[in-house]
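Asks: Listed here are the chains, written in short residue letters.
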Amino acid sequence: MTNHRTSALSRRGFLKLSGAAAAAAAGGVGLFGPPGVRAAQPTSRLVSKYSVCDMCFNKCSLIARVRDGVVEKLDPNPKFLKSRGMLCARGNAGVRQLYDPDRLKHPLLRKGARGEGRWQRLSWDQALDHAAEKLQAIAERYTRCGVLFMAGSDMQSTFLHRFAKVFGSYNALSHESMCLIAGTRAFLDTYGEVPIPDMLYTKYVIMVGANRFESLVTPDSIDLMTAMKNGCQLVVLDPRYTRTAALAHQYYAIRPHTDMAFMLAVAHVLINEELYDKQFVAERCYGLEQLAAHVQRYSPEWAAKETDIPAEDIRRLARELAAAAPQAMVYPGRRSSNYHDSTQIRRSFAIVNALLGNWDRPGGLTAARMVGLKGGVPFEEPFYEDNPDDRIDHGPAKLMFEEEGSFKIARDAVIAGKPYPVKGFVVYKTNPMGTGANRQKTIEMFNTLDFVLDIDITMSDTAWMSDLVLPSQCYLERQDPCSAQQGSSACACVVMRDPVVEPMFQAKPVFWIMQQLARRLKLGQYFDFTIDDYRKAQTAEVPEAMTALRRDGVYYNPSKLYGVYEGRIFKTRSKKIELFNETYQKMGLDPLPVYHPPADPGQGRFRLVVGRNALITQSSSQNNSLLVQLQPDNDLWMHPAAAAELGLHDGSYVMVQSPAGRQAIRLRITRRTRPDTVYMHTGFGVLSRGLSNLQGKGASIAAVLTDGMDQLTGNMAMHETIVTVTKGGA
Amino acid sequence: MSSPMIQRHTNTGIFMHWFNAGCWLFLLATGLGLLQNPDLQPLGAWYPGLLRAVFGGGDGLLGAHIAVALLWLAVWAGYYLRFAGRYAVPFLVSIFTLDPRRDLQWIVKKNFQMTLGYKMMARLVRPLGWDGRLPEQEYYNAGQKLAAQVMVLGSLVLAVSGLILAASSWIIDTPNVPWVQWSITIHYLAAGLTFAIVLVHIYMAAIAKEERPALWSMFNGQVPAAYAEHHHKLWYDKLSK
Amino acid sequence: MSKQLGMVIDASLCLDCKGCLSACKQANQVPEGKWRNWIKDGDLEPAAAARRRVVFQPGGCMHCDQPTCVSACPTGATYKDRRDGTVVINRDLCIGCGQCLPACPYGARYRHPHLRVADKCDFCVQRRADGLEPACVSTCPTKARVFGDLNDPHSPAGRLMKKHAADQTLTQVVNRRSPTDPNLYYLGDPGPKHWPAQAKMPEALEFFKNLVKPAVNLVVGVTGLGVVAMLAKQLLMPGDAPPEHPPQGGDHE
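Residue numbers (my numbering), protein chains in the order written: chain D, 1 to 730; chain L, 1 to 241; chain X, 1 to 253.
Any given hint might turn out to be false.
Stated by the list, open to error - The list that follows gives simulated cross-link-like pairs (lysine-lysine, DSS-like), each with its CA atoms no further than 30 Å apart:
1. Lys143(X) - Lys229(D)
2. Lys423(D) - Lys522(D)
3. Lys49(D) - Lys79(D)
4. Lys40(X) - Lys229(D)
5. Lys162(X) - Lys229(D)
6. Lys697(D) - Lys143(X)
7. Lys522(D) - Lys134(D)
8. Lys418(D) - Lys134(D)
9. Lys233(X) - Lys119(L)
10. Lys79(D) - Lys162(X)
11. Lys233(X) - Lys110(L)
12. Lys163(X) - Lys143(X)
13. Lys49(D) - Lys536(D)
14. Lys165(D) - Lys576(D)
15. Lys143(X) - Lys49(D)
16. Lys49(D) - Lys374(D)
17. Lys209(X) - Lys80(X)
18. Lys575(D) - Lys560(D)
19. Lys398(D) - Lys165(D)
20. Lys193(X) - Lys40(X)
21. Lys233(X) - Lys209(L)
22. Lys576(D) - Lys278(D)
23. Lys575(D) - Lys111(D)
24. Lys560(D) - Lys209(X)
25. Lys278(D) - Lys571(D)
26. Lys143(X) - Lys79(D)
27. Lys229(D) - Lys193(X)
28. Lys143(X) - Lys80(X)
29. Lys3(X) - Lys80(X)
30. Lys233(X) - Lys229(D)
31. Lys111(D) - Lys697(D)
32. Lys162(X) - Lys3(X)
33. Lys79(D) - Lys105(D)
34. Lys575(D) - Lys374(D)
35. Lys163(X) - Lys233(L)
36. Lys571(D) - Lys586(D)
37. Lys163(X) - Lys79(D)
38. Lys571(D) - Lys374(D)
39. Lys34(X) - Lys697(D)
40. Lys143(X) - Lys34(X)
These are computed hints drawn from the structure, not numbers from a lab.
Just so you know, these numbers come straight off a predicted model, no measurement behind them.
Chain D on its own, in the form it takes in the complex (with noise of 0.2 Å):
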């Protein structure tokens, strides 16, 4: 209906018009429209609006730019501090979304076997009373924790997340044990809360784990680039040579898994050289003796074995760095799914910010400001008798967050069906089938499942794998709630979002799907409310936030930033932060971190790492018709050192394979990477025909890799995955 690749206009009657106009004036002009004929000119005004751009989770504010009902462009909003006024490749490329032709139109219910691809077209009564009396029978045969719910980062999965709560379903995931916990949990268990890095008027950052000129975080990457400009020194360490890496003064290609070794040498040298703030350190740490006495034996020369780094280098970074504290830092990152003990890497990242004396300080790590935000609309949970004591994740991660859980864990456990049986799912707005390691596993535990009911906006992996699938909207179609954002020195504030254009297609938002079963399922009462009604709950306190809202698409909370803990303490055991941690220490965990050397991949093997560009977010954007251009697919990198022992050739098909399974694809050669690690990007290699771009294209990662766990949290493991990669296979 409303295909975006509308061709053949006629260059007389060239329309920049988008979608639904531009398909509508092309049936009126010929090709061969008379000569001489001025192209058509816009007919009515450009109309501007805000909303909030959800092609990742930066939540960017943006201003649609509409004509006819249409929208043309989206640009960044300039009064918005927390991206810097930008708009990134993505989130220009959102137009497309909206206008997506592959989009789901209307609710589908799976005919064939799983993955098949046959479905029926629903009503959505049908569907909606489908999805009802198969909750309800889950329910009444498995207890209520028998159905799953798993939502990813998005404005309204506050509403899925209160639908388990109210149906009585402990098990609800977010996508976070696929991201970053290890590093929240490592931050949180050091500082007391997660800090957030100022990076604007820093002067030294060292770089580990992190790729946040292609990753893009604002206001991070942007605040980066200008403190850069005003002579903040970059050091990159990453077994890949990214973007960042491209862009920092110095550059090492660290070899994989070995981050703490670093940090640890480093925090070796800031004590024995009395580099690091004695008088912070004396007054709001807790456990220096400990921490000196526990990086005695990792010294510069012996982390230079361990690294490939040369020991006078880290002795010299170790320096640079506390010569420019406290506008110094470890950048704490983000996605810390990498190690088993990734937890405790991100710990000897925040022991070293913590030695800076950096917390609470420009240029350091900052801590969260009050947005003033409250929670919506409250309700009291409803108990059910029969259920289990626990989430179907609890026990094997010891530090697990239960509000986020462990897709790994939970998925072992559904497989299993162990402590007790799982037999729903209900996903929305995240693709495990796409982004979990060991797709096997995840294809496993979708067989294993009675129903499985996903809610996205297009025919995602997770969507073909399901039974029922349900058409969502399109951010630019969408009123949400208010959303609270941290950006340091750049704003604590508020966005939300009002539609920009009337919903396409019989695409219906998550809360009113949950409105509507929650009322099948005789509980109305829990969501008998408005968005405008729940945002009226949310800034309860701030009430002049929705005025700023509609003037200027986003509300700044003029808090506070630094000395914020000024005569205030720690949110820990010992009230200070915690070098060493007491809590770990009782619970048979290790205080302080310590390093374990990574497995040697061994001869003619290979480290399979993940990464992030600027083009791609995670696994939901590679079918956009604009995108697909700048990124059309991936490739395995391989050092031409690597290459050359296998005999293998650039642009050639290779086998990468591993305990989980084994993908084709094409070789891409190029010192961008150690001889030791391989790399692909992920999103690629789908399973599902409903992505009309990416059929036939690259290779899935998720199918290559082995699901590891950071044993505290629970996080996924993702670059443990040892790969052997052959010839052919194309």
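With the hints as your guide, set chains L and X onto chain D.
Replies: Only chains L and X this time, still in chain D's reference frame:
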């Protein structure tokens, strides 16, 4: 009128002549105006400037050029389809039927005659074994045949290259643009060479005094019998039989 | 001085995030596989010396003062607009001959696959008409691209031009054999410098210019001289007639 008049042109022929002349001159003028590039424009920047002012811009000029060219082609196509056997083929046969010796002699003599006068011509051709009289001519004299040949062939090249140019932004895909590029050059070459002949034709037909009856015949279709006998003896003789 | 729209670009701020490419593509409905702007990354490989920072170079049509594309256009469909200094394509006059494509040292042009005319950056003429900045400029995360009238010190780009006029930190990226005097200026290190090609004039155009045009001039000139000679004779020797010419029946008048 002391000499009786004989029919030389049909109304259709007269229409086609003037239609062709009008279109051709219009296309020449506008086509030349389309060449704004100073490396290509033979007349100077003022000319395309003037034309663009008249047509409300280059796009108007291009539009007019293409519109008239298509009209011209359509009418000619219609003419050839409708009158192929009756006029078109006989016309082509007559202009392409050459009698080399007679036609060459006529051309040489006529040239001398037109530029230097009869006496001088008679004197100059004598060494070739020719007398001072022009060879007898058919319905078309050798000069007319030559002009018609150039015009027909030139127009054919113009039509083909012009169609390629017009089609460029309609159907020709990028790998084939060298055809378009060479068509521009060839279009100009054909127009230039044809124009050289047209210059002579216009002089002979409209300015030269002795061809005045031929000019009038392009309005009323008739020539005086004496003119026909003198200028187109072979045709006149055929008619007289 | 007259208006000259252009950009002053601080390449050292560029992350190579492709935001400008995406914004341009959407704003101008640039067809699939074609681009109106670019980011040059030179050789994105780790250097032997670990301390070499890469500079990415954002660019697009440079709206040159000596545009070779204009010299390659037969019809004047591509021209330098003296009102704002942009190099413009009049789509309705362009015949899609493609001769301007190789004539641009920067490869800034492509032939639109559906419209079949030349296309390139127009500094977002429609957006400017709507009161907006060019899409690549407004979307850029680090504001590496600064747009405006280079000759107006009150415009954002003009301010930078004025500020850096004396300190020699403004660079144009040019091929020495095709100095087109571009209006995209780079502040400091522009990154890759040697990528622009030599402007290539198409063979058909060169043939036209060097052979066909003089040949037609010659033929038309000679014929014209002949006609003039005939006219002269007609006027100077009005009585000349062949002696054996039988008396005419008289003129029509």
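Asks: Indicate, hint by hint, whether the structure satisfies it.
Replies: Here's how the hints hold up against the structure:
Among the hinted pairs, Lys143(X) with Lys229(D) is consistent with the structure: their alpha-carbon atoms are about 12 Å apart, no more than 30 Å. Taken as a hint, the Lys423(D) and Lys522(D) pair is honoured in the structure, with Cα atoms around 21 Å apart against an allowance of 30 Å. Under the criterion of a C-alpha separation no larger than 30 Å, the hint pairing Lys49(D) with Lys79(D) is consistent with the structure, at around 13 Å. Between Lys40(X) and Lys229(D) the alpha-carbon distance is near 20 Å, which keeps this suggested pair within the 30 Å criterion.
About 20 Å separates the Cα atoms of Lys162(X) and Lys229(D), which keeps this hinted pair within 30 Å; it holds. About 34 Å separates the Cα atoms of Lys697(D) and Lys143(X), which puts this hinted pair outside 30 Å; it is violated. With a CA separation close to 14 Å, the supplied pair Lys522(D) and Lys134(D) stays within the 30 Å bound. Only pairs whose Cα atoms come within 30 Å are accepted, and Lys418(D) paired with Lys134(D) is accepted, the gap being roughly 21 Å.
Of the supplied pair hints, the one linking Lys233(X) and Lys119(L) holds, its CA atoms being roughly 13 Å apart against a limit of 30 Å. Between Lys79(D) and Lys162(X), the direct Cα distance comes to roughly 27 Å. Compliance with the 30 Å bound is thereby established for this hinted pair. Between Lys233(X) and Lys110(L) the alpha-carbon distance is near 13 Å, which keeps this suggested pair within the 30 Å criterion. A threshold of 30 Å between alpha carbons decides the hint, and for Lys163(X) with Lys143(X) the separation of about 17 Å falls inside it, so the pair holds.
Restraint check for Lys49(D) and Lys536(D): satisfied, since their Cα atoms lie roughly 21 Å apart, inside the 30 Å limit. With a C-alpha separation of about 35 Å, the suggested pair Lys165(D) and Lys576(D) falls outside the 30 Å cut-off, and the hint is violated. Distance check on the hinted pair: Lys143(X) and Lys49(D) sit about 23 Å apart at the alpha-carbon level, within 30 Å; holds. Taking the CA atoms of Lys49(D) and Lys374(D), the gap is about 26 Å. The hint holds against a cut of 30 Å.
For the hint pairing Lys209(X) with Lys80(X), the CA-to-CA distance comes to about 21 Å; that is within 30 Å, so the pair holds. Distance check on the hinted pair: Lys575(D) and Lys560(D) sit about 21 Å apart at the alpha-carbon level, within 30 Å; holds. For a cut-off of 30 Å, the pair hint linking Lys398(D) to Lys165(D) stands: about 23 Å separates their Cα positions. Of the pairs offered as hints, the one joining Lys193(X) and Lys40(X) holds, with about 10 Å between alpha carbons and a cut-off of 30 Å not exceeded.
Distance check on the hinted pair: Lys233(X) and Lys209(L) sit about 11 Å apart at the alpha-carbon level, within 30 Å; holds. A C-alpha spacing of about 15 Å is found between Lys576(D) and Lys278(D), which places the hinted pair at or below 30 Å, so the restraint holds. Proximity of Lys575(D) to Lys111(D) is assessed by CA-CA distance (about 58 Å); at most 30 Å being required, the pair is judged violated. For a cut-off of 30 Å, the pair hint linking Lys560(D) to Lys209(X) is broken: about 72 Å separates their Cα positions.
Only pairs whose Cα atoms come within 30 Å are accepted, and Lys278(D) paired with Lys571(D) is accepted, the gap being roughly 22 Å. About 14 Å separates the Cα atoms of Lys143(X) and Lys79(D), which keeps this hinted pair within 30 Å; it holds. With a C-alpha separation of about 22 Å, the suggested pairing of Lys229(D) with Lys193(X) holds against the 30 Å cut-off. About 27 Å separates the Cα atoms of Lys143(X) and Lys80(X), which keeps this hinted pair within 30 Å; it holds.
Restraint check for Lys3(X) and Lys80(X): the C-alpha separation of about 12 Å stays at or below 30 Å, so the hint holds. Restraint check for Lys233(X) and Lys229(D): the C-alpha separation of about 83 Å exceeds 30 Å, so the hint is violated. As the CA atoms of Lys111(D) and Lys697(D) are separated by approximately 26 Å, the hinted pair is consistent with the 30 Å bound. Between Lys162(X) and Lys3(X), the direct Cα distance comes to roughly 14 Å. Compliance with the 30 Å bound is thereby established for this hinted pair.
With a CA separation close to 35 Å, the supplied pair Lys79(D) and Lys105(D) exceeds the 30 Å bound. At roughly 26 Å between alpha-carbon atoms, Lys575(D) and Lys374(D) fall within 30 Å of each other, so this suggested pair holds. Taken as a hint, the Lys163(X) and Lys233(L) pair is broken in the structure, with Cα atoms around 87 Å apart against an allowance of 30 Å. At most 30 Å may separate the alpha-carbon atoms for a hinted pair to count; Lys571(D) and Lys586(D) meet this at roughly 18 Å.
A hinted pair counts as satisfied when its Cα atoms are at most 30 Å apart, and Lys163(X) with Lys79(D) qualifies at roughly 27 Å. About 21 Å separates the Cα atoms of Lys571(D) and Lys374(D), which keeps this hinted pair within 30 Å; it holds. Pair hint Lys34(X) plus Lys697(D) holds up; C-alpha atoms about 20 Å apart against a cutoff of 30 Å. Between Lys143(X) and Lys34(X) the CA atoms are separated by roughly 24 Å; this keeps the pair inside 30 Å, and the hint holds.
Taken one by one, the earlier hints fail for this structure at numbers 6, 14, 23, 24, 30, 33 and 35, listed in ascending order.
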